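Colleague: Residue strings, one per chain:
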Amino acid sequence: MDEILYGVAYYYEYLPTDRLSEDAAMMKDCGINVVRIGESTWAYQEPQDGVFKTDYLTRILDTLHAYGLKVIIGTPTYAIPSWLAKKHPDILLTNKNGQRPYGARQIMDISNSAFRFHAERIIRRQMETTARHPAVIGFQVDNETKHYGAEGANVQAQFVAYLKAKFGEPEAMNKAFGLHYWSNSVFDWADMPSTIGTINGSLRNEFEKFRRLLVTEYLAWQVDIVNEYKQPHQFVTQNFDMDWRSGSYAIQASVDHFEAARAMDIAGIDIYHGTGDRLDGVMIAFGGDLARSMKQDNYLVVETSAQSILGPSNQELLYPGQLRTQAYSHLANGANAVMYWHWHSIHNSAETYWKGLLSHDMEPNPTYLEAKEVAAELEELSPALVNLKKDNEVAIYFSNEALTSLKEFAFSKQMDYNDIVRNWYETLYKMNVEADFADHTVDDLSRYKLLLVPPLYTASDAELEKLNAYVENGGHILYGFKSGFTDEHVQVHMERQPAMLRETLGFSYQQFTGIDRLPLKDDPFGVGESDNYVSIWAELLTPEGAEVLGRYDHPHWGRYACITQNRYGKGQATYIGAWPSPAIMQKLIADAVGKAGVERPNTHFPVIIRKGVNGQGAVLHYVFNYSPEPQTTAGPVMRSTDLLTGKKYNGQTVLPLEPWGVAILRED
Amino acid sequence: MDEILYGVAYYYEYLPTDRLSEDAAMMKDCGINVVRIGESTWAYQEPQDGVFKTDYLTRILDTLHAYGLKVIIGTPTYAIPSWLAKKHPDILLTNKNGQRPYGARQIMDISNSAFRFHAERIIRRQMETTARHPAVIGFQVDNETKHYGAEGANVQAQFVAYLKAKFGEPEAMNKAFGLHYWSNSVFDWADMPSTIGTINGSLRNEFEKFRRLLVTEYLAWQVDIVNEYKQPHQFVTQNFDMDWRSGSYAIQASVDHFEAARAMDIAGIDIYHGTGDRLDGVMIAFGGDLARSMKQDNYLVVETSAQSILGPSNQELLYPGQLRTQAYSHLANGANAVMYWHWHSIHNSAETYWKGLLSHDMEPNPTYLEAKEVAAELEELSPALVNLKKDNEVAIYFSNEALTSLKEFAFSKQMDYNDIVRNWYETLYKMNVEADFADHTVDDLSRYKLLLVPPLYTASDAELEKLNAYVENGGHILYGFKSGFTDEHVQVHMERQPAMLRETLGFSYQQFTGIDRLPLKDDPFGVGESDNYVSIWAELLTPEGAEVLGRYDHPHWGRYACITQNRYGKGQATYIGAWPSPAIMQKLIADAVGKAGVERPNTHFPVIIRKGVNGQGAVLHYVFNYSPEPQTTAGPVMRSTDLLTGKKYNGQTVLPLEPWGVAILRED
Amino acid sequence: MDEILYGVAYYYEYLPTDRLSEDAAMMKDCGINVVRIGESTWAYQEPQDGVFKTDYLTRILDTLHAYGLKVIIGTPTYAIPSWLAKKHPDILLTNKNGQRPYGARQIMDISNSAFRFHAERIIRRQMETTARHPAVIGFQVDNETKHYGAEGANVQAQFVAYLKAKFGEPEAMNKAFGLHYWSNSVFDWADMPSTIGTINGSLRNEFEKFRRLLVTEYLAWQVDIVNEYKQPHQFVTQNFDMDWRSGSYAIQASVDHFEAARAMDIAGIDIYHGTGDRLDGVMIAFGGDLARSMKQDNYLVVETSAQSILGPSNQELLYPGQLRTQAYSHLANGANAVMYWHWHSIHNSAETYWKGLLSHDMEPNPTYLEAKEVAAELEELSPALVNLKKDNEVAIYFSNEALTSLKEFAFSKQMDYNDIVRNWYETLYKMNVEADFADHTVDDLSRYKLLLVPPLYTASDAELEKLNAYVENGGHILYGFKSGFTDEHVQVHMERQPAMLRETLGFSYQQFTGIDRLPLKDDPFGVGESDNYVSIWAELLTPEGAEVLGRYDHPHWGRYACITQNRYGKGQATYIGAWPSPAIMQKLIADAVGKAGVERPNTHFPVIIRKGVNGQGAVLHYVFNYSPEPQTTAGPVMRSTDLLTGKKYNGQTVLPLEPWGVAILRED
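Residue numbers (the UniProt record's numbering), protein chains in the order written: chain A, 1 to 668; chain B, 1 to 668; chain C, 1 to 668.
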């Protein structure tokens, strides 16, 4: 990519009146340079079975092109037409609550053959209409694709075939999953019951794994079709999304992002984050680091808030100035595109209050005017900002298998795996340590000095051996509790815990206990009485060579360690056998970062610094102030030029930051 | 009506023993003069398909008549017999959770043909048996009729026919509702999916509107049947109910009360309200004002608490004296009947703890004895109390369309449209301003000086034009936020907001934001720091002629107005762009009342005054003390006679009120 | 039984590797003397329809026998194989939420004929294989058997047959249950609707009663089969369980324990209780007293916590020493067996974190080592501890009918019948009064000086007459509110309340009210202002001879009594017309205990004393300290020997108790 894309999603089809030319003119005026169209509008393109009306797409393309706007074509498949549901009711997915009624998007079984037939036909028709148009720079296959919790007969039948291929004889599966428990064993594949009612977490986790494979396969299938039409200069992407808790939140349990991204030319993601007083940059950085790590390359922010989501959960309209902060926040993590969802607010239905750059009145408004200013800046700085590369020394090593198996084997009603991932990431972020994400598909971990490994509850022998070798060869790991507890089938190891990690970690344990709150003996991290505690879960560790960083302060459990650190080979492994207070967690991560020799700036949140090398080979430091008060950086500023102001700095100057302000320092 | 009816519902059929004569004698002794019978007892009247046992009704009528008791016959249709459910299982309604099992009342699809056939047959048989009996003064059709959330195939088919009739071509519907969103559009009526799964709030709201039509039609159908038998001196009524939140609460979403009441001779309502320390008169007044407004006439309180509902939600037994307070509270709003639910407590099933005048022991008890005193007073005062007329200057202008569309487009998880209606009504009530209710069916609004219009989220152009004309011609309106936001199809207007109200209100806005709490700049209403705030929702208003009553105190939103007031034509329109604190709301309503020139007494809650002209042309002032402490009215009492004590007042006397006490001052 | 059984459940079938010999050797080493096997492993024994593999059981028996371990054989029927569900899908039960999917245990309709056919076949095969083996000392039929909420067509059909047999004509049922309410009456048995949707609490309660009969019948059916194979020295038991609220809790609503236990030779129960700081002995005592009362004999604790349940609800690992406290706690109530659930932790599925004596590593660990110490002590003391008999003077008189009918007719959203049972039991327990449980099946109540009767909401005339006669003949009863309110069909009596108890209790009432909190006049129990209150429910009692122990302090209800005490015949009956504060409840129970002449030790919780006569005729006093601090008994210790230390006491010595410590004093 040779420029920063600044774009919007555009739904010509949704608008009450035909405003195509007016909208194109306004986009141009605003400084928008790319428009995503097409997704979700299947019925508009094919109003009746086999009746195609895709010509209007040509008119859109022509018009946008006339205004110099580039276009990304989205395949429309994630929202099926009513006629298709009527014709093939079995397309509607069955989840644990029964079959979904028609209405919402993402209610189809993506592995259903009738769905595939019709999806392929509309994709091909759309590609035939659009692919060779000069406005089109790329394609997005489907949108926020997931398995949607499908567990109907069709999915179940495929799962049984998968199990049969994997295990051959049912008894091998019985053994691997422990199905003899409560007579759940199967001795004839024909007897295999639906997974809906299972109480076997191993089987359930395999089913989750299988359903993520369905997503990978489905997306690759769409990419294969699109690739038949794609021109050499065009790209294919997906709009991946994260877990959702009234906003983007941590790891997506329903997709293997790294696997699914392989079929794409470039990774795409949507990021919906806190706004107003809640704009802290955390989820922008999280989502950006995740998307960048998918292909170890720049990525597209395919959707992000324009005016914000304003509904019953009461999110805030972005403050004046925050649209600019947001845009640079995305770029600071390696995005090559910032695309708003969406151009105009929608006049009805489920997302009426997900406000676009334009309000429903389609007139210029403060957000639109601010976007125009941002666009002008971006256009000018584009050569200096595009293709920012990172060489991070730290990675969050996550696992979708751990995430989903810890839903089955929850350790708390209050928190889960994703809370830990999110907390650890945020802790790093706030101390200005940038990180990649990695999972088991990453072959070479040696590029990292430090891995943070949230509870790796399930892992194959090979995966654990790789992690052990990483430490042995000089790597540093910080492990969460429960790591290494079960094998790849979520069967608890019969060896003393932490089983395959025992030697690497230098301790063993046989017992653990639920706790409310326990202090650590003698406040070993010096965090003060009110912060000196662990909670929720406590493993009773007996050191076997590891240094003890923290012991329980308890009449009975005081004999056991809670937090340990062990030299192993040339590396070091730290283990946290409980859920520490935020203050202790901060100390532990700072310690791990320090011992691993990871460099970090001498500032912390709300002043956030993100660094990289731009396409021209210059080193950029984005410096943000995520607060409503003016801030300054902690100390003297390096020899550099602020690309936004042209101001030059050297070691003698302190950098002032406006509320929600940003500077982009290019090292000179 | 020429006397106050003081009555009970009576379920001869439910009682373990035949106590007909004893009960009639006790009713007579108590002073009861009217008894409602028949509703819910279909199976008793028709124990098997086509086998009728309605003769016992004659015996009941004869016995009650012998004791001089009048009778209201209720059609029994709201609880279907088990044999009917067995014979026609499709009568049992399907709602969003599936088909209802047999057992509860109100589980039938009221538009089902088989149900209609059987309902008509039993109604006719019942009418033939009872209509000409001299005891019978009127009829109640069905009971608390609603659509019960029906959305099965039968209702869906009718809805599609309705849509077809309304729109002709599906594309007209697509446009009106914005169905192109997420490919929900329909191009052949045969493809129309069930509304159950829709994510389109416009379609959903139309369905809600349609289902209310089913209720109107069904009740009119019953009235038509009954009218074939009705004698000239007899009346037909319905027992309407309100929304329910552990007691009667605001507007009923499932019925258009004003439309449905047209078929009735007189409006009826049930009112279940706070008791004991929670007896404040609010819901009695709300329900009374609503019922009286239905036909702008006196009404019947067909059900109200006897001993109260005493169950797991722990309502309180009415305190000694409160039965009297309650009775006069109803009459003070224009009721011509106060009927308890019910005569005797029921010895089993769902309402065992909805205690009647009699406890399960069927003996006289304190409540019964108090009713006897009340009856004696009422009988004596009946000529002076009956047919109280009101000429209110204020109306709450409500909208069932706004109510149901704001369920689809909720602005808060904590509160909804009905909370606002309830809060505004209560604020008026506590400052002793009496109000009517009005909706879009009221042609002449000019009788009112002031309309309070809770968020009128959806309205037709004609409706908004009527309201604009009302202001232009000198009316005053206080509008809630979101008013005028969408058209009659709940499609957001493409004009700058508040669209058709922009000129009337004298401002415009393009943006809004969710908020927790924001103060207003400089405490403009003088309510003090802790009360000076708005919450939940904030529209960012730019005045275009309106006076600004309140601005946000916020670094960014401080440039916008929150509350405005505008002269328009001869009238004035005030607008509240956020949800104000109770103290600010009180000030705003007081201001609107004052500027509109509405008179109100110089007292406030717990002393409540309700006023009217009785059938003899005299002006009555009911004065209540809704508190456990003695109270006095604020100042000198007009020249009047207290009908209860015979005591005479003139300007020099202060009126003392006992705890939960009442005086009825007739202006002399 | 001639020795204390100290045992474990063992699931050879679940283990990833064959460890039979190692496990047997470790059990022997640990001091385990009995092992329960077989239950839940149907699929392992019969992997395909009619294909039996029960031979492995012989190998298990041989191996365990070789190590001198005794065996209890559990029939495997409570977890059905997948092939059975596939073959007979109708076996899967339908409850109010629909049909259960395959997966969990206890998902079958226990009255289904196909299930019975297959269950009988596997039981017979298992018996043939095991019954004559010398290791086998007894059998457990099924496990934690309940009706599982079954209400499918099969159960419904049986229920209708049951009603027909009970009532003959439908109209008799209509009358008994009050089905005329809301037209629910039935005039032809063929019209009888499913009970799922009923709003008639009488019918619902009869259905609950009927479903408990299904359990009684099913267990007796299994016992009949087993008895065909049982040798004279062998026993049959069941593992009954209690209500469950994150641990064992009060009375089981789905089984009539006393009825179902008749078919057993010895009662069995599982008890899961608070651990760590929450180990207070209450539920151990409750469950023990309940199980002992079932057959007025010693009982087996078939399951109790080993390391505890460690999962998302965060229970605590038993502290070092608590395994011993727990074991003696069970024995102190008359248990002849303490069996852990279970030997080893399970490596997968629903109970992975219900930790056994062994952790997943199958190595010795602190819990195992502590069990070994306990075993050694028990083996030595076994002759002195076995067959402890009680002669309690107090009984909790409970009623499953009251429990389930008060679910239909709830008096509070916060608490229910079981909370009262649990609270009253705990109050007795903490003042060191031991109690039996009794229900309507106990013919001779005269053995008790005092009965505590929690709200006996429904009872037959015969039952109430028995209780009245009990008082008349000198017994003492403490009744909860609502006692005697309805007849055996849960129909409210038409007599003035408390109807048949009126004369015995010496008061009557007609009215009651929900309350938040009300003080009692003049703090009659001297508990101080903050504890002087009743809450939730208040009956307004008018004394008719009874002494008033407490009156409401309220402007209106002050004229009524709340708590009364009445001499009747030679006995006394106390009644509590509201829900008192814990402090008042404690006073009332202490008063009742005192007036009834029940002896109790001069100590209270956390020092708990449990007493009995051992098989050798000696009187034992178990003295426990359920606290983390050392304690001493209140005063001088009787002439006795501590069986655990050999230390001798006489009147001059104070008994010191370690934290969570125990002494077993044998009177000398």
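There may be inaccurate statements among the hints.
The list makes no distinction among identical chains, and a pair is therefore deemed to hold if it is satisfied within one copy or across any two copies.
Pairs of lysine-lysine residues, derived as DSSO-like cross-links and limited to a Cα-Cα distance of at most 30 Å, are as follows [said to hold, decoys possible]:
(1) K96 <-> K413
(2) K96 <-> K430
(3) K449 <-> K70
(4) K96 <-> K28
(5) K430 <-> K449
(6) K595 <-> K175
(7) K407 <-> K230
(8) K86 <-> K466
(9) K70 <-> K611
(10) K28 <-> K648
FYI, nobody ran anything at the bench for these hints, they're computed from the structure.
Remember, predicted model here, so these are calculated numbers, not experimental data.
Colleague: Run every hint past the structure and note whether it holds.
Modeller: Evaluation of the provided hints:
1. K96 <-> K413: Intra 21 Å, inter 26 Å, cutoff 30 Å: intra and inter.
2. K96 <-> K430: neither (39 Å within a copy, 46 Å between copies)
3. K449 <-> K70: neither (41 Å within a copy, 58 Å between copies)
4. K96 <-> K28: Result: close neither inside a copy nor across copies, 47 Å intra and 46 Å inter.
5. K430 <-> K449: within (19 Å within a copy, 59 Å between copies)
6. K595 <-> K175: Cα proximity of K595 and K175: none, with 42 Å in one copy and 63 Å across.
7. K407 <-> K230: neither (40 Å within a copy, 45 Å between copies)
8. K86 <-> K466: Classified as neither: same-chain Cα gap 51 Å, cross-chain 42 Å, threshold 30 Å.
9. K70 <-> K611: within (29 Å within a copy, 70 Å between copies)
10. K28 <-> K648: neither (33 Å within a copy, 81 Å between copies)
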